[in-house]
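Student: Below, each chain spelled out in residue letters.
There are 2 protein chains.
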Amino acid sequence: MENFRLFLVLFVSALSVGFVSIVFVIRWVLYFKEGLAWDGGLAEFNWHPLLVVIGFIFLQGLAIIVYRLPWTWKWSKLRMKFIHAGLNILAFVLAVISLVAVFDFHNAANIPNMYSLHSWVGLAAVILYALQLVLGLAVYLVPATPGFVRAALMPIHVYGGLLIFSSVIATALMGITEKLIFGLKDPKYKDSPPEAVFVNVLGVLLSVFGGLILWIATRPQWKRPSDNQLRLAHSDDLTPAPGANGSASMTTGQELSGEARRRGAGKAEEAAAGKSSI
Amino acid sequence: MENFRLFLVLFVSALSVGFVSIVFVIRWVLYFKEGLAWDGGLAEFNWHPLLVVIGFIFLQGLAIIVYRLPWTWKWSKLRMKFIHAGLNILAFVLAVISLVAVFDFHNAANIPNMYSLHSWVGLAAVILYALQLVLGLAVYLVPATPGFVRAALMPIHVYGGLLIFSSVIATALMGITEKLIFGLKDPKYKDSPPEAVFVNVLGVLLSVFGGLILWIATRPQWKRPSDNQLRLAHSDDLTPAPGANGSASMTTGQELSGEARRRGAGKAEEAAAGKSSI
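These protein sequence lines map, in sequence, to chains A and B.
Quick note: the first sequence uses this note's numbering, first residue 19, plus one each step.
Quick note: the second sequence uses this note's numbering, first residue 19, plus one each step.
If we strip away everything but chain A, and leave its shape as in the complex, we get (with noise of 0.2 Å):
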């Protein structure tokens, strides 16, 4: 891997920073704020800020970034695609809890939902994630999907999920705006007490996040190599038995027909994904 130092420190340091965000965001609603419960009230409230910062925005950033650890690359593609899946997927089931917890809070208190821009934005964001996820599991990992189909919506697959991390944190900023003037009375957000700057801190480090995670994932050069790039490095590791487009070397006689078609349509998403470094 080119400038691999380089990756490690950077993706050291989004791993600490999002780290921290959550030692952040877990010493705010434990310390500052009503710790946490399920009871409708705001204990109940803050599970909300908690499971977005780990799911939504510490997973969900994960999952952007894992086929670029370059210790993975020796794995296969389908392994990579189940644990980038996963980890969507557990991004999404904490996203939505952690809508619950809201919609409980605000039923409970007699606050109306969905009147602010936070709420739009965020549920805007999750119908995208959800639909992506979908469009993913069925694009990506049906093997009877064409190549030429993986292919034509790879970038739209790409973009669109740089696009919905960085308006979950852009979302998550006007969260923390919101709850920082509604939740200091006295002292108020704009005296800065202890709370808000510790929180506007957050802010800052969700951002960062959010900027070294893009850094990572629209490097090309970082890129995991495609599945024959992969075979020619290490062709002296294997039986050497290409077949004729040189695809099927590492396919054993009963797995071949599935993922012979699996490997085909790899290729071209493969090809996709490399024409398109975003």
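Simulated from the structure, these hints should not be mistaken for lab results.
In this text the structure is predicted, and so the values were computed from the model without any measurement.
Glycine is no exception: its CB is placed at the ideal position from the N, C-alpha and C atoms.
Hints may contain errors.
As the list claims (entries may be wrong) - Have a look at the derived ranges for each label pair, beta carbon to beta carbon:
#1 B/247 <-> A/247: 35 to 45 Å
#2 B/98 <-> A/247: 30 to 40 Å
#3 B/92 <-> A/145: 36 to 46 Å
#4 A/162 <-> B/200: 34 to 44 Å
Since chain A is already given, all that's left is putting chain B on it; use the hints.
Tutor: For chain B alone, coordinates are given in the frame of chain A:
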């Protein structure tokens, strides 16, 4: 150009959404709010959202995609750089005036400055934008800057520009959230009066504008072709007098030395831009 019709649809959509956003922010400050003045009061504050939407969002968005307009590909790269830099400088000046309006208003009303996450991320964006401008001028418009420096900094220049643009939109969404909470008292934001819904729609429009600009800016097939590619495509229109490296065919005698140096540097920067499509 590949998919010219789709490019045109997206470009016209971006222009339209941007234009409608400007109309929305004008109607917001003139019809729902206190109008415009420079008196230290709320009417001075109103210059803040107006100038941010016109300059820091709309003009910066145009500046980002200006190289991709195919009808400008017959113009020299240098002319395009002046247009790109000019639009960004204009956007920066409007952003600075918009900051002065807010500080003036805060100081007159005894409201603290720089306490909110909106102000932190916003000021960071303005400072990074200033840095980006100065570095951009020094690296890409000073002819003496060597090609390897231009090439090495191109991915950072491109990514930095897109990240700043995205941060400005995120900051605008936080600003809308703040202003609707502070500005609406009876009925409140949560009661969804017409102003709340209207300005939420403005926030959605700004997000869509951002999404369109980022899509157009990151499609590799819509990149401005390198000078060499353009020269090959139109070689029948030109006097056939290529230099040893084929880069001097459009150069007249008296501008050769400076222009040739710039071209040499330009080739390296184009190669770098082509390698990294974001």
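Student: Decide, hint by hint, whether the structure agrees.
Tutor: Tested hints:
1. For the hinted restraint 35 to 45 Å between residue 247 of chain B and residue 247 of chain A, the CB-CB distance of approximately 26 Å leaves it violated.
2. The supplied range of 30 to 40 Å is met by residue 98 of chain B and residue 247 of chain A, whose beta-carbon atoms lie about 35 Å from each other.
3. The beta-carbon spacing between residue 92 of chain B and residue 145 of chain A, approximately 43 Å, falls within the hinted interval of 36 to 46 Å.
4. Separated by about 55 Å at the C-beta atoms, residue 162 of chain A and residue 200 of chain B break the suggested range of 34 to 44 Å.
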